[in-house]
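Student: Going down the list, the protein sequences come from chains A and B. So the first sequence is numbered by the numbering used here: it starts at 1 and just counts up by one. So the second sequence is numbered by the numbering used here: it starts at 584 and just counts up by one.
A few of these clues could be false.
[Stated by the list, open to error] Rough simulated footprint, nothing fancy, chain B against chain A, three-plus residues with beta-carbon under 8 angstroms: (1) 181–195; (2) 219–227.
[Claimed, not checked] Short, incomplete list of chain B residues facing chain A, as computed with Cβ under 7 angstroms: (3) Gln629; (4) Arg630; (5) Trp632; (6) Ala634; (7) Ile636; (8) Glu643; (9) Pro644; (10) Arg645; (11) Gln649; (12) Arg650; (13) Asp653.
In case anyone wonders, no lab produced these hints; they're calculated from the structure. Glycine residues also receive a C-beta, built at the ideal position from the N, C-alpha and C atoms.
Residue strings, one per chain:
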Amino acid sequence: MTRRDLRLREHLLIGLALLGLGALVGRLVYIKSFDGTRLAAKADRQQRADIPIKARRGLILDARGRIISATTLRTSVFADPQVLPDTQVAAETVARILDLDPAEIAPDLLAAGDRRFFVIKRGITEEQAEQIRDAGIYGLGTFSEPFRSYPMEELAAATIGFVSPDGTGISGIEHQCDHWLRGENGVKTIVRDARRKAFWLAEEGYRPARDGYHVVLTIDAEIQTAVENELAAGVARYNAESGVAVVIHPHTGAVLAMANYPGFDPNNYTDFGEERYRNRVITDPYEPGSTFKPFIAAAALAEKVVNMDEVFDCEHGSWTEGARTLKDHHPYDFLTFQEILIKSSNIGMGKLGLRLGNRNLYEYVRRCGFGEQTGIGLEGESEGLLRPLVRWNAFSTTSLPMGQEIGVTPIQLARSFCIFANGGRLITPYVIRAIVDAEGRVVQDMTPPEHDSEPVYPPDVLDQMRQILCSVVNDSPSRSAQLPSHQVFGKTGTAQIARKDGRGYEKKAYVSSFVAGVPAENPELVAFVAIRRPDASVGYYGGQVAAPVVREILRHTLAYLRIPGDIAPNADRATAMTEDYND
Amino acid sequence: MTVPRALFILFLMVAIGVAIVVFRGESARAANRIQQLHAETIELEQRLWSAEIELARMREPRAIRQRAADMNLSIVPPEPIARPRQ
Chain A
1 MTRRDLRLRE HLLIGLALLG LGALVGRLVY IKSFDGTRLA AKADRQQRAD IPIKARRGLI
61 LDARGRIISA TTLRTSVFAD PQVLPDTQVA AETVARILDL DPAEIAPDLL AAGDRRFFVI
121 KRGITEEQAE QIRDAGIYGL GTFSEPFRSY PMEELAAATI GFVSPDGTGI SGIEHQCDHW
181 LRGENGVKTI VRDARRKAFW LAEEGYRPAR DGYHVVLTID AEIQTAVENE LAAGVARYNA
241 ESGVAVVIHP HTGAVLAMAN YPGFDPNNYT DFGEERYRNR VITDPYEPGS TFKPFIAAAA
301 LAEKVVNMDE VFDCEHGSWT EGARTLKDHH PYDFLTFQEI LIKSSNIGMG KLGLRLGNRN
361 LYEYVRRCGF GEQTGIGLEG ESEGLLRPLV RWNAFSTTSL PMGQEIGVTP IQLARSFCIF
421 ANGGRLITPY VIRAIVDAEG RVVQDMTPPE HDSEPVYPPD VLDQMRQILC SVVNDSPSRS
481 AQLPSHQVFG KTGTAQIARK DGRGYEKKAY VSSFVAGVPA ENPELVAFVA IRRPDASVGY
541 YGGQVAAPVV REILRHTLAY LRIPGDIAPN ADRATAMTED YND
Chain B
584 MTVPRALFIL FLMVAIGVAI VVFRGESARA ANRIQQLHAE TIELEQRLWS AEIELARMRE
644 PRAIRQRAAD MNLSIVPPEP IARPRQ
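Kindly produce the complete structure, drawing on both the sequences and the hints.
Tutor: Structure, rendered in structure tokens:
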């Protein structure tokens, strides 16, 4: 072989190599230019996936930061029915681990049809999840899902509400503040390997979730617990149908507790009837009876149609005015204006109504906030029932002063009673204090703005009324609302329940109520309790049924908030605080 | 083009190719580590949320009273604040 031949061979080899490389490069250029986009998209679909990053739903906190409602993650087990090698074996394995009957699972798996994701059971333990993973059955797996939890169970359940299985608020504050609590989901793009396992978090495809904001309430869990316990005890003591209670700070309108009995556990809300979900403190008006009398008595003083020492003929318990006969629960002959309230004389109040007249009555009732929503800002609040003045008649003049012909909600009555505790202002109650972010920064302050309005009654009238209401508590036969170191002022109510057909009142059916403020010298609390349909054979007067409940609620709350007493401790009034505190 | 030169070029190309593969491998490992850390973060968050719920249950007033009762302890009420003597 000559040198020329060798060189030729060399050139041939290099030429072939270059041709091969050229072909390769040419192919690469062709793929990139003509097929690149389609193949890149196909690769993306195979390898990449956008995974939503679920935002954590915000917390609902009490006034002291205790968690009332929170989202946690729970482990659940799922199956992909289309790839399960043996449905029966899978069902038996899962049933054994979860201590279920295989017959409950297998039919559902078979009926799942074309579904690729079928949840077998939600909320399993970590041990069970581990066992399922170790079983190694292809098509069977576990996943984490957010789950709303209410660690305080029934506490303020009607106010807090609950969420649907997909985490959307559907009742109460959960629904009302859903847009604050929800947050915004994020997204992450992952790259999968051949086994579909995520191994790469694509940098450019990551947007973190913004977790929901937290809702801070004015409700204090300690006070709410005391209120719920005492309300439940009061209802049980008199075999009553139900009860409601509310505690307000009279100067700011902050609602410290709001209770409904019977309640429900939002962790298992489907176990309870829908009637339990209602927050009857704001939704259900009722005829208030004698708890309404202070508002009319104060109006009479303000309009100067009566003075404190004036004496009224209470007709020995039965008085006919026109077509109407009014009766007192006890026959009285002559009572002073103050005694009309202390003894709760319907006849005395009827006569005050006549002196005021319908127009004045209507004006003061409206000024006290009745016949309109309180502005508490909770969904479902009722305006109560107040007929327009044009529809009032002669009956109205003597009915309204004794708390009939009007429907008020518990929150309306408590809010209006604050007038006697805060210098005459009609405050706006509120339950939601603020919306805060994860760092505690206030996103939205929900405290109602203060508005300078004229006092509903003049200061001297308010002082006089508070004196009278103290006497109601101190001079009542049972003195069931008295506290040892704090002067309580309040009014009882024993209202008949109107018949649904509008023809009078049911026999032996009452709402027993009591509204009170404390301490009288410088009020810091207003509390209201109403107990519906107590067993009349056991007791039904407001002073008997509701007043002791209010007393206990106030006792707990005063001690908890360290509110100083305003009277010298009285051995006659004192109860054993240590014993009672540990009930 | 001499053979040594061609071999040198070939060697260079292989070296670059190997470097690219190694670099890609390292990138993939780093990205995988980020993905693992992300998964660990989620797991830690899960444990934090569960701990929050557990703490909330323990702070519940009824639960505190129950635990005190179980331990035969009484909750000492605060002393009533009396009206100051005048």
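Student: Indicate, hint by hint, whether the structure satisfies it.
Tutor: Against the structure, the hints come out as follows:
no.: 1; hint: 181–195; verdict: holds (count 3)
no.: 2; hint: 219–227; verdict: holds (count 4)
no.: 3; hint: Gln629; verdict: holds (4 angstroms)
no.: 4; hint: Arg630; verdict: violated (9 angstroms)
no.: 5; hint: Trp632; verdict: holds (4 angstroms)
no.: 6; hint: Ala634; verdict: violated (9 angstroms)
no.: 7; hint: Ile636; verdict: holds (5 angstroms)
no.: 8; hint: Glu643; verdict: holds (5 angstroms)
no.: 9; hint: Pro644; verdict: holds (4 angstroms)
no.: 10; hint: Arg645; verdict: holds (6 angstroms)
no.: 11; hint: Gln649; verdict: violated (11 angstroms)
no.: 12; hint: Arg650; verdict: violated (13 angstroms)
no.: 13; hint: Asp653; verdict: violated (13 angstroms)
Hint compliance for this structure: hints 4, 6, 11, 12, 13 are broken, all remaining hints hold.
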